[in-house]
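Position 49 of the sequence shown, counting from 1, maps to 63 under the numbering used here, and the rest follow consecutively.
Since the hints were made in silico from the structure, they are not lab data.
Since this is a predicted model, take the numbers as computed values, not measurements.
Be aware that a few hints might be false.
[Claimed, not checked] 30 angstroms max Cα-Cα, derived BS3-like pairs, lysine-lysine:
#1 Lys-148 to Lys-47
#2 Lys-135 to Lys-68
#3 Lys-78 to Lys-147
[As the list claims (entries may be wrong)] Restraint-style ranges between C-beta atoms, simulated for each label pair:
#4 Gln-48 to Gly-89: 30 to 36 angstroms
#5 Asn-104 to Asp-60: 16 to 22 angstroms
#6 Gly-129 to Ala-34: 31 to 37 angstroms
#7 Pro-142 to Arg-46: 16 to 22 angstroms
#8 Asp-110 to Gln-33: 41 to 47 angstroms
#9 Gly-129 to Thr-72: 26 to 32 angstroms
#10 Glu-149 to Asp-110: 17 to 23 angstroms
#11 Trp-113 to Lys-155: 38 to 44 angstroms
#12 Ala-91 to Met-131: 20 to 26 angstroms
#13 Trp-43 to Gly-105: 17 to 23 angstroms
#14 Gln-33 to Arg-157: 43 to 49 angstroms
#15 Lys-47 to Ser-151: 16 to 22 angstroms
#16 Trp-113 to Arg-86: 32 to 38 angstroms
#17 Ser-65 to Val-130: 18 to 24 angstroms
From the three backbone atoms N, C-alpha and C, an ideal C-beta is built for every residue, glycine too.
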Amino acid sequence: MRSTLFAIIIFAFALTAAQATATLTVKVWGLRKQGQVFVYLYNQDDGFPTSPEKAFKTITLPVKESDTLFARFEGLAPGDYAVAVMHDENGNGQIDTNWIGIPKEGLGVSNNAKGVMGPPKFKDAKVPVPAGKKELSIPVKYR
């Protein structure tokens with residue numbers, strides 16, 4: 015009887031652990047009041063942050079009256095993620111760059127990671143997202 019009860023308890027814990035999910039809420043602030051914001055969530059370094067098509071998940075939000083927006087990613091597996099934010103001020107669906115490829119619109123990255131002679135690295139921008147709820151705050155910077 016005890017072994018059966020022990021097996022049931024172990025199974026219940028394993029089932030609960032397997033179903034544990036995370037919710038990541040990203041506060042994006044410092045926005046100019048026009049256009050749209052793309053919030054890209056990456057779960058690996060491939061494509062971060064310059065290839066939005068390689069993002070694990072994407073949320074697009076219209077910019078309205080406030081200079082602050084919130085993006086919520088739900089149902090995530092706990093793990094390491096990095097976030098890139100791009101403010102498409104003119105609403106053309108892309109981030110405009112100058113003649114040498116430097117973005118002319120607002121950008122932000124988790125951990126406020128900085129790039130050296132190029133974009134920031136995933137390893138510098140990644141944040142651990144445990145089961146449950148996690149919040150990040152990302153300022154958008156303009157050149």
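We went through each hint and held it up to the structure:
no.	hint	in the structure
1	Lys-148 to Lys-47	26 angstroms, holds
2	Lys-135 to Lys-68	15 angstroms, holds
3	Lys-78 to Lys-147	26 angstroms, holds
4	Gln-48 to Gly-89: 30 to 36 angstroms	31 angstroms, holds
5	Asn-104 to Asp-60: 16 to 22 angstroms	29 angstroms, violated
6	Gly-129 to Ala-34: 31 to 37 angstroms	33 angstroms, holds
7	Pro-142 to Arg-46: 16 to 22 angstroms	31 angstroms, violated
8	Asp-110 to Gln-33: 41 to 47 angstroms	43 angstroms, holds
9	Gly-129 to Thr-72: 26 to 32 angstroms	21 angstroms, violated
10	Glu-149 to Asp-110: 17 to 23 angstroms	30 angstroms, violated
11	Trp-113 to Lys-155: 38 to 44 angstroms	20 angstroms, violated
12	Ala-91 to Met-131: 20 to 26 angstroms	33 angstroms, violated
13	Trp-43 to Gly-105: 17 to 23 angstroms	20 angstroms, holds
14	Gln-33 to Arg-157: 43 to 49 angstroms	44 angstroms, holds
15	Lys-47 to Ser-151: 16 to 22 angstroms	19 angstroms, holds
16	Trp-113 to Arg-86: 32 to 38 angstroms	37 angstroms, holds
17	Ser-65 to Val-130: 18 to 24 angstroms	19 angstroms, holds
Of the numbered hints listed earlier, those contradicted by the structure are 5, 7, 9, 10, 11 and 12.
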